[in-house]
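2 protein chains.
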Amino acid sequence: MLQDQQYLRIPGPTPIPPSVQRAMAKPMIGHRGNETSELLRSIKPRLNNVFGTNQDVMVVTGSGTAGLEAAVVNTVKPNDEVLVIVTGAFGARFVNICEAYGIHVHKFEVEWGKAFDPLVIKEHLRNFPNVKAIFATYCETSTGVMNPVHELAAAVKEVSDALIIVDGVSCVGGVETRMDDWGIDIMVTGSQKAFMLPAGLMFIAVSERAWDVIHSNRNRGFYFDLVKYRNNLEKDTTPFTPALSILFGLDQALELMEKEGLENVYSRHKLMKEMTRKAFRALDIPLLTNDEDASDTVTAVKPVDFDAELFRKVIKNKFGLSVAGGQEHLKGKIFRIGHMGYCSPADVLQTLAMIEIGLIQSGKNIELGKGVAAAQQLYLEKGENH
Amino acid sequence: MLQDQQYLRIPGPTPIPPSVQRAMAKPMIGHRGNETSELLRSIKPRLNNVFGTNQDVMVVTGSGTAGLEAAVVNTVKPNDEVLVIVTGAFGARFVNICEAYGIHVHKFEVEWGKAFDPLVIKEHLRNFPNVKAIFATYCETSTGVMNPVHELAAAVKEVSDALIIVDGVSCVGGVETRMDDWGIDIMVTGSQKAFMLPAGLMFIAVSERAWDVIHSNRNRGFYFDLVKYRNNLEKDTTPFTPALSILFGLDQALELMEKEGLENVYSRHKLMKEMTRKAFRALDIPLLTNDEDASDTVTAVKPVDFDAELFRKVIKNKFGLSVAGGQEHLKGKIFRIGHMGYCSPADVLQTLAMIEIGLIQSGKNIELGKGVAAAQQLYLEKGENH
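Line by line, the protein sequences are chains A and B. Remember, the working numbering sits 318 above the position in the first sequence when you count from 1. Remember, the working numbering sits 318 above the position in the second sequence when you count from 1.
Just so you know, not all the hints are guaranteed correct.
Pairs count within a copy or across copies, as identical chains cannot be separated in the list.
[What the hints assert, rightly or not] Straight-line Cα separation of at most 27 Å, DSSO-like style, residue types lysine-lysine; simulated pairs:
#1 Lys688 <-> Lys425
#2 Lys395 <-> Lys588
#3 Lys649 <-> Lys700
#4 Lys450 <-> Lys395
#5 Lys577 <-> Lys344
#6 Lys395 <-> Lys546
#7 Lys440 <-> Lys344
#8 Lys620 <-> Lys588
#9 Lys553 <-> Lys649
#10 Lys636 <-> Lys475
#11 Lys651 <-> Lys682
#12 Lys432 <-> Lys588
#13 Lys651 <-> Lys395
#14 Lys553 <-> Lys631
#15 Lys631 <-> Lys475
#16 Lys432 <-> Lys362
#17 Lys620 <-> Lys395
None of these hints come from the bench; they were simulated from the model.
Extracted from the complex, chain A is given alone in its bound form (with noise of 0.2 Å):
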């Protein structure tokens, strides 16, 4: 069997693009000279485009939770109340967080698979007015939901002044974000999703409004203080060393995101995210999600007559293709795939068609490639520019 090759086809982290492993082994450089601050000056514009933000994106060396953390320590203190729309495990993550700091939490849980509803959740924010800060996921990666963060905003600002702070974690370059004309307030992600970088950075933003309420908070702890790194940035350094190699990594991914352009990576994803699904029910296999609530980055699959588990192991084995499973109460329910960063229609055919002998080697009885048909009849369609 041919060795070496790896299938990474889970939500993240996600496979690395060639060019940009090339980047990161670059020779280690100073992280106070000026070959760090050019790298800085350069990555700036462009994670502005993807962030859709005139604000400077943030750079912290940590995971993406180390961003949820540092959203959640640098606006909001013990005692405050805040309302965290729990979809899924990520969700969970920040009621988890803000407790640990002994923040007032009112958790609004909607059902794993669905999307919230802005207008629900205004609604239910008029009991609580004295919120200070609204926490959303914008995918969440536990269940293939994208929910519509581009619409809370809106809705909820007649009844709130409350900030909103989302978690775009694992989407945020992958599919459309325009976080100052959506009026977001802070916005996270991690660069092992969409980015196609290793984990180990995080990027965040944070609205001019979000930075009156930082700057009045006397207690955001130390290395999560952003105003640290605001400053820093100002004068294109960080206040910490940062994980210089995959800056340097960062640097060429904008570069590979801007060269095919941003429109056409979000297309991409999202005809990556219709292929998948066409594929499933061509397969006549459910799907967690319904086609509005779908995430264009990570679908989640609900066998219902073979084990999701085994057919897991089966395809590892065999391809060494890696899916993942599901998470708290849909362990063994559900698997998911990824289909985010460095993936190409090409990609989704392919594990599409390893999928389908794993699927009759888990003793599931499908017609051979009838769900990569079904993909490549949507490509066919609307794949023109991918």
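Fit chain B to the given chain A structure using the hints.
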């Protein structure tokens, strides 16, 4: 002029060995799979050897400062009293972190360029019976001082039960560290110094005594909560997606250190320090620290009759050789040469040869080759294993 050649001789970030670069370029893997667990299992015993501990060494994604903050927030609470021994800029960082959390800091300041005396610390502590933790810096990067942290715990234990918490960022991996034998309760280091890796990971180990304190502390934050890292590490996993590419590199860097033999790694660093110091003595250029206090990983030079900043520009432009300047009140008054990690005695000779030319070009009258010859002579006497 030859392009692309750079000589990075600042006290971190440090150069990356080619085999570590290659390891970091491995295709990405899932962070919840067997491959990541195997990686963590492979790393575990070798990190223990480097730290000189039987405790698990936890790996956290973040800059070195994130490690210092983790040490603080896990062990001490607002209004607790602590003693911070400040021998330079990084001792001062512990003060800033503690103060950001409302911790009551007693500062013990030592003249920059000198090491602390454990017996003086012991006497000083008699005045502060309520101190819960003592923060010290192993190698003070800003001055090139190596503090006698190995004697600290034994010296103070008669007068204090305080935890001994040590910032080992710019030396652990390059100098002998026997955390358990020395009675150090928490040791922190970063990836971008003696570990020959890019920045982005920090390593932290905790004594049983400190674990008791940590478990009784209810406000450990979320991302820095070490109990999460410990519980996960017992199952060969991590609580949050780690900087996997740097973990690939860590495995290989530890392999290189093991092949060389830790004793040889340590004696190589000692030799490089002595070669550097001998060279400047031969050139009659003063050093900031005396021999007893000098670090094995970084040497601070204190020019009296030439301009340190002009000199740094000359060698950077001429050779692409980077050495660090002074920090805070030593800015413009010293320069600092890193000789740690992926750096051989031959690299030190090359650095010294470039420095001699740079001195001449900065208007300093020296006899060319005299410093190099002194270092060569020492190498002939002591370099047999290197």
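Here is how each hint holds up against the structure:
1. Lys688 <-> Lys425: Neither, since 42 Å and 72 Å both go past 27 Å.
2. Lys395 <-> Lys588: neither (38 Å within a copy, 48 Å between copies)
3. Lys649 <-> Lys700: neither (34 Å within a copy, 60 Å between copies)
4. Lys450 <-> Lys395: Classified as both; 10 Å inside a copy, 26 Å across copies.
5. Lys577 <-> Lys344: Both: 21 Å inside a copy, 25 Å across copies.
6. Lys395 <-> Lys546: Both: 19 Å inside a copy, 23 Å across copies.
7. Lys440 <-> Lys344: Close neither inside one copy (49 Å) nor across copies (47 Å); limit 27 Å.
8. Lys620 <-> Lys588: Answer is within: at 20 Å inside a copy they meet the 27 Å cutoff, but 60 Å across does not.
9. Lys553 <-> Lys649: between (47 Å within a copy, 18 Å between copies)
10. Lys636 <-> Lys475: Neither. Shortest intra-copy (52 Å) and inter-copy (59 Å) distances fail the 27 Å Cα cut-off.
11. Lys651 <-> Lys682: This pair counts as within: shortest intra-copy Cα distance 15 Å, inter-copy 74 Å.
12. Lys432 <-> Lys588: Answer is within; shortest intra-copy Cα gap is 18 Å, inter-copy 61 Å.
13. Lys651 <-> Lys395: neither (38 Å within a copy, 43 Å between copies)
14. Lys553 <-> Lys631: between (50 Å within a copy, 20 Å between copies)
15. Lys631 <-> Lys475: Result: close neither inside a copy nor across copies, 47 Å intra and 54 Å inter.
16. Lys432 <-> Lys362: neither (35 Å within a copy, 41 Å between copies)
17. Lys620 <-> Lys395: neither (40 Å within a copy, 46 Å between copies)
In summary, the structure is inconsistent with hints 1, 2, 3, 7, 10, 13, 15, 16 and 17 from the numbered list given earlier, while agreeing with the others.
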